[in-house]
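A.B. asks: Sequence lines, in order, name chains B, E and R. Residues in the first sequence are numbered from 1 upward in steps of one, following the working numbering. Residues in the second sequence are numbered from 1001 upward in steps of one, following the working numbering. Residues in the third sequence are numbered from 2001 upward in steps of one, following the working numbering.
Keep in mind that the hints were calculated from the coordinates and are not lab data. Please note: incorrect hints may appear among the correct ones.
Unchecked claim - Subject to a maximum C-alpha distance of 27 Å in a straight line, what follows is the list of computed DSSO-like cross-link-like pairs (lysine-lysine):
id, chain 1, residue 1, chain 2, residue 2
1, E, K1003, R, K2226
2, R, K2126, E, K1005
3, R, K2073, E, K1005
4, R, K2119, R, K2144
5, R, K2226, R, K2204
6, R, K2066, R, K2126
7, E, K1133, B, K275
8, R, K2020, R, K2007
9, B, K102, E, K1100
10, B, K93, E, K1005
11, B, K278, E, K1100
12, R, K2020, R, K2182
13, R, K2126, R, K2144
14, R, K2126, R, K2193
15, B, K93, E, K1102
16, R, K2193, R, K2237
17, E, K1133, B, K279
18, R, K2182, B, K279
19, B, K279, E, K1106
20, B, K36, E, K1100
21, E, K1003, B, K175
22, R, K2066, E, K1003
23, E, K1100, B, K279
24, B, K175, R, K2237
25, R, K2229, B, K175
26, R, K2135, R, K2191
27, E, K1005, R, K2114
28, R, K2237, R, K2191
29, R, K2182, R, K2226
30, B, K249, E, K1133
Claimed, not checked - Here are some, though not all, of the chain E residues that point toward chain B, as calculated from beta-carbon distances under 7 Å:
id, residue
31, I1013
32, S1020
33, F1023
34, L1029
35, L1032
36, G1108
37, N1225
38, T1241
39, V1267
40, V1270
Built from N, CA and C at the ideal position, the CB exists for glycine as well.
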Amino acid sequence: MRNSYRAQNIAFFFLFLATLLIVVPVGLIVVIIIQKGLPAINWQFLSDIPRQGMRAGGIFPAIVGTVYLVSGAIIFALPIGLLAAIYLSEYSKDNLLTRLIKLAIVNLAGVPSVVYGLFGLALFVIFFRFGASIISGSLTLGIMILPVIITTSREALESVPYSFREVSLSLGASKWQTIRHIVLPNAMPGILTGTILGLGRAAGETAPILFTAAAFYLPQLPNSVFDQVMALPYHLYVISTQVPNVEEKARYGTAFILLALVLFMNLVAIIIRYKFRKKKKW
Amino acid sequence: MRKLKEFIVEKLILICGLASIFFVALIFLFLLKEGFSIFKTVSPFNFLFGKSWYPISEPSQMGILPLILGSLLVTAGAAIISIPIGVGCAIYIAEIAPAKIKEILKAGIELLAAIPSVVLGFIGMVTLVPLVKTVFHLPTGLTALSGSIMLAFMAMPTIVSIAEDALYSVPKTYKEGALALGATRWQMIWRVMLPAASSGLLAAVMLGIGRVIGETMAVMMITGNAAVMPNSIFAPVRTLTATIAAEMGEAVVGSEHYFALFAIGIVLFVISFAINVTADLFLHQRQ
Amino acid sequence: MVKFTIKELNIWFGHVHALKQVSMEIRANEILSVIGPSNSGKTTFLRMLNRLNALNQNFRMAGLIKLEQEDIKNIDTELLRKRVGMVFALPLPLPLSIFENVAYGVRMHGTKNKKVLTKKVEESLKEAYLWEEVKDRLNESAFKLSGGQQQRLCIARTLAVEPEVILFDEPCSGLDPISTAKVEDAMVKLKEKYTIVLVTNNVKQAARVGERTAFFLSGELIELDKTDKVFTAPKDKRTDGYIRGKFG
């Protein structure tokens, strides 16, 4: 008996160690980036265009570019994703088609990001002749975040009690009226959470925009959706690996802004989720 | 009026419901459309098993075996590191950690999942790469090993969260039964929980590996990108994903090089498809 | 006058034969109590009258149900459910204000005029004996009401769409005796204007409010007669057994 408790203590110690091996580096990464990146942040860094071959100046065009790309992605993905989620939660029957749709969503979520880049290049840039542009990049990112939006929205819709639907239908409301007036408003916080998580995902991705939207160095703002743009993640890649003699400060600063942007969105999503849980009435 | 509106809305919902299938098919179709042409000049066998990747030399050599092996090597390394740590962490979170610490740990894992891969790649470049270089006395730290460590780290959130779900869904009665028979908690976990959750754990591992094979930016930034047959984990390698990301910018649209990169895309798509379908089967088996 | 005519009604859910060869009539402006042990098919029977069963994927039916002269299959589902309202077992307010709960059905049937809605809400709440208790807090969440108040709100919500028939599915199962008495009072008074079908597990309640009583067992209609007859001189032994508490 004593032996089995000793074995348990040893085993638990290793499990604890495994956990530390993940959590401590995460903490370290965040601390390093904040510590070295924060001092680089000033008004000029945020509002100026890159100068001297990206060795000086700021990252304003990259910030703007990322905002454009992400907004475009969400404008495309939210309506489709939400309607797809409504289909799965409210209309689909337990049959082969539904099984196929779910499998397709799983696969869409698993396609490597660089393959999305290839797809965007072939379809939007070349086939539709959009060129490397905001619209090509946005559409590519939009398809990539579709599974995130569908999955989270569907969970939100399904968490609305079934009895609400029955009550509404029993009063003679149609199915769509029921969805529109009862299900959707009550699923909104969850849908919003999913949308913001999708936004965060899109903001951080590099590979899908490599060949579809991102410009290496473009010290001006885009005029239309058919223009190329700089983007934060690609800019970080470029100044980390492609341009020699960039000040370390600029790299950490860019990493800091990108990380802050993504974590901020995640934080907002968590807060919405938390508040909603507390307020939930049923 | 109400009927007509209803009809249109429902058709629209159905169309969007089918969108996922449509997009998966579209992706595969366009990869095929652009990538298949390479097999007019290079046989599929020589493409997959050719030992040299010199896409722009004259005559070009389009063998992706070094890239496949590069991906496999980095992935195998990442799997060896991430599976025990990831599953261990999942067990700790699911069974051992007190409720409050559990929430903190889960938040930490979610945080890791949210960090963009290019940021992890950058951090890997400035911390991990020099570390590997000094510890192993190597000429460069940009090696398969660095890539494996980095990717193991990136696979953790997937492995931990799915494995934790799997452990969580083991019926309580199993656990209580084992404890009632006088087993210690560890014996209960080892003999009862892990076997009961095995198909879910397997799915967790597979999806983690899927994440690793598809990962692009971080791997490109820290593995050194040498497109040669890998012979050691301490040497630079080049993965399938990194090859596409690094070379597509320079490939001329419609050239053999361009076709070949798309053909690599087909290979990646097929691998991820196979992994996801299998993992999905394992996950459904559990229910 | 006959409100519902039911002929040889059979219902299946997948392989489960939930109702077997049920034939009966429901008269206008009566209170019909439906009793029986759980799984006897009484709720299935009730949910057939407004076709709510059709929401179940595995639902199949055979036989005929006529509302007045029309086969309910030929009536537009939304219109049928407007004519045949329902009050559920548990108080189920929608996550809206008290006012919006009552106005919801009316709005869904196309009324947008605020004045008409306000009038309708007041009327319906009065009819359900809730007006005095809530008139000063119509904009509060319906979840702030007590269980009994919530159930009367649900009645008001059903009344607001001007139904002809109201189906009650064990409406007092979650309520205390005082709230139950209030809901029963409301039902008895509603009878003047509406036809009421009351499914209940509470045999005494059936005896108190029902003019006629139907007894279901294992999906079959065993007996249907005047309430005092069913309770004092049942024709079937099984009815007698149930009323005396031999099953369920």
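A.B. asks: Now tell me, hint by hint, if it's right for this structure.
C.D. replies: Results for each hint:
| no. | hint | verdict |
| --- | --- | --- |
| 1 | E:K1003 to R:K2226 | violated, 43 Å |
| 2 | R:K2126 to E:K1005 | violated, 35 Å |
| 3 | R:K2073 to E:K1005 | holds, 22 Å |
| 4 | R:K2119 to R:K2144 | holds, 23 Å |
| 5 | R:K2226 to R:K2204 | holds, 15 Å |
| 6 | R:K2066 to R:K2126 | violated, 31 Å |
| 7 | E:K1133 to B:K275 | violated, 47 Å |
| 8 | R:K2020 to R:K2007 | holds, 11 Å |
| 9 | B:K102 to E:K1100 | violated, 34 Å |
| 10 | B:K93 to E:K1005 | holds, 22 Å |
| 11 | B:K278 to E:K1100 | holds, 18 Å |
| 12 | R:K2020 to R:K2182 | violated, 35 Å |
| 13 | R:K2126 to R:K2144 | holds, 19 Å |
| 14 | R:K2126 to R:K2193 | holds, 14 Å |
| 15 | B:K93 to E:K1102 | violated, 37 Å |
| 16 | R:K2193 to R:K2237 | violated, 35 Å |
| 17 | E:K1133 to B:K279 | violated, 53 Å |
| 18 | R:K2182 to B:K279 | violated, 31 Å |
| 19 | B:K279 to E:K1106 | holds, 23 Å |
| 20 | B:K36 to E:K1100 | violated, 31 Å |
| 21 | E:K1003 to B:K175 | holds, 11 Å |
| 22 | R:K2066 to E:K1003 | holds, 24 Å |
| 23 | E:K1100 to B:K279 | holds, 21 Å |
| 24 | B:K175 to R:K2237 | violated, 44 Å |
| 25 | R:K2229 to B:K175 | violated, 43 Å |
| 26 | R:K2135 to R:K2191 | holds, 24 Å |
| 27 | E:K1005 to R:K2114 | holds, 24 Å |
| 28 | R:K2237 to R:K2191 | violated, 31 Å |
| 29 | R:K2182 to R:K2226 | holds, 24 Å |
| 30 | B:K249 to E:K1133 | holds, 23 Å |
| 31 | I1013 | holds, 5 Å |
| 32 | S1020 | holds, 4 Å |
| 33 | F1023 | holds, 5 Å |
| 34 | L1029 | violated, 9 Å |
| 35 | L1032 | violated, 10 Å |
| 36 | G1108 | holds, 5 Å |
| 37 | N1225 | violated, 10 Å |
| 38 | T1241 | holds, 5 Å |
| 39 | V1267 | violated, 10 Å |
| 40 | V1270 | violated, 10 Å |
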